[in-house]
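Student: Chains as they are written, first to last, in the numbering used here: chain A, 6 to 172; chain B, 6 to 172.
Worth double-checking, as some hints may not be accurate.
[What the hints assert, rightly or not] Stretches of chain A that chain B covers, calculated by requiring three or more beta carbons in the stretch to come under 8 Å of a beta carbon on chain B:
no.	region
1	13-25
2	31-41
3	54-67
4	83-95
5	98-111
6	122-136
7	163-171
What the hints contain is simulated information worked out from the structure, not anything from laboratory work. Nothing here was measured: the structure is a model prediction, and the numbers come from that model. Just so you know, even glycine gets a beta-carbon here, dropped at the ideal spot from N, CA and C.
There are 2 protein chains.
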Amino acid sequence: MSAPRTLVAEPLTREAFAPFGDVIECSDAVRHFPINAGNTERYHDLARVDAGGRGRAAISIFRGQPRELPFMANMMERHRLGSQAFVPLSGRPYLVLVAPPSPRPRADQLRLFLARAEQGVNYARDVWHHPLLALEAESDFLIVDRIAAEPDCEEHVLDEGVELLLP
Amino acid sequence: MSAPRTLVAEPLTREAFAPFGDVIECSDAVRHFPINAGNTERYHDLARVDAGGRGRAAISIFRGQPRELPFMANMMERHRLGSQAFVPLSGRPYLVLVAPPSPRPRADQLRLFLARAEQGVNYARDVWHHPLLALEAESDFLIVDRIAAEPDCEEHVLDEGVELLLP
């Protein structure tokens, strides 16, 4: 039996994550401008909320338990009708495992990112992603996603597990 | 000349804030259920995102400078076409000054809330609110609001300033 395939997390940047969605962070690279008589700087339009079909956008909180590393990822999921944003509220880094849209997630197209505590992500519709991968301790994340009467979560079990590692 | 009208902040609770919008927080009082094979608890549908007209919902970050207390509030604003959510990302409390929908904000209807670091707010459309009132230090807030080509911010200068105080 061969050793499991492994993935070492790469830094999360807007450029690297562009095929999968948006990185939600303050950066001089995004449009920003003063508001409120100069009291506040608005880092504008960091992520588009996509809530198609008969859905609506809503805000929730996910409270995730930390994963133990190395973690073996065995499945991926995606949403066909809307985006899903995760923004950390507990000041801890977390992992982001994604694969581009395709009928099923391809093992050779998986990408693993290490998100800093100040970075959120917004998965574009159809992008494969692993469920929440909190690290270190129980962590809350603000979620902006589509809520509707009919479910919209497609799951796919990977042919072979992938071991996730920090750099 | 008489002393300025003062308002002492009251605790932010879902019940007290209901006329103005939603409080975004984990609480046993809201619907919550396990997801991700039990790894994560979803506190579900804490705030509805309202992006009417020809707008769309988007995610931004506001970086606010702290206000010095006592702070004199002189104006209020509101959005006629959408909701606006503020969720603290910097782990600090902040103030929330609101007045119910009406052609102009009435001084005798102003309410001042002290939000804890774990509490966000979502202003319903038409609710009068003061611009961001960060406390203690520069603070980031995640914003979910309506973005559109045409502006949607109505401002109103109060006839008389109101002095805001912590309890």
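Student: If a hint holds in the structure, say so; if it does not, say that too.
Tutor: How the hints compare with the structure:
With 0 residues having a Cβ less than 8 Å from any Cβ of chain B, the region 13-25 of chain A misses the three-residue criterion, and the hint is violated. Remark: the region 31-41 of chain A is confirmed as covered by chain B, as 3 of its residues place a Cβ nearer than 8 Å to a Cβ of that chain, reaching the required three. Here's how the region 54-67 of chain A fares: 9 of its residues keep a CB closer than 8 Å to some CB of chain B, so the rule of at least three is met and the hint holds. Counting residues of the region 83-95 of chain A whose beta carbon lies closer than 8 Å to any beta carbon of chain B gives 3, which reaches the threshold of three, so the coverage claim holds.
Check on the region 98-111 of chain A: 0 of its residues sit with their Cβ under 8 Å from a Cβ of chain B, so the three-residue criterion for coverage is violated. Given as covered by chain B, the region 122-136 of chain A passes the check, having 4 residues with a CB less than 8 Å from a CB of that chain where 3 are the minimum. With 0 residues having a beta carbon nearer than 8 Å to a beta carbon of chain B, the region 163-171 of chain A misses the requirement of three or more and the stated coverage is violated.
Checked against the numbered hints given earlier, the structure breaks hints 1, 5, 7 and satisfies all the rest.
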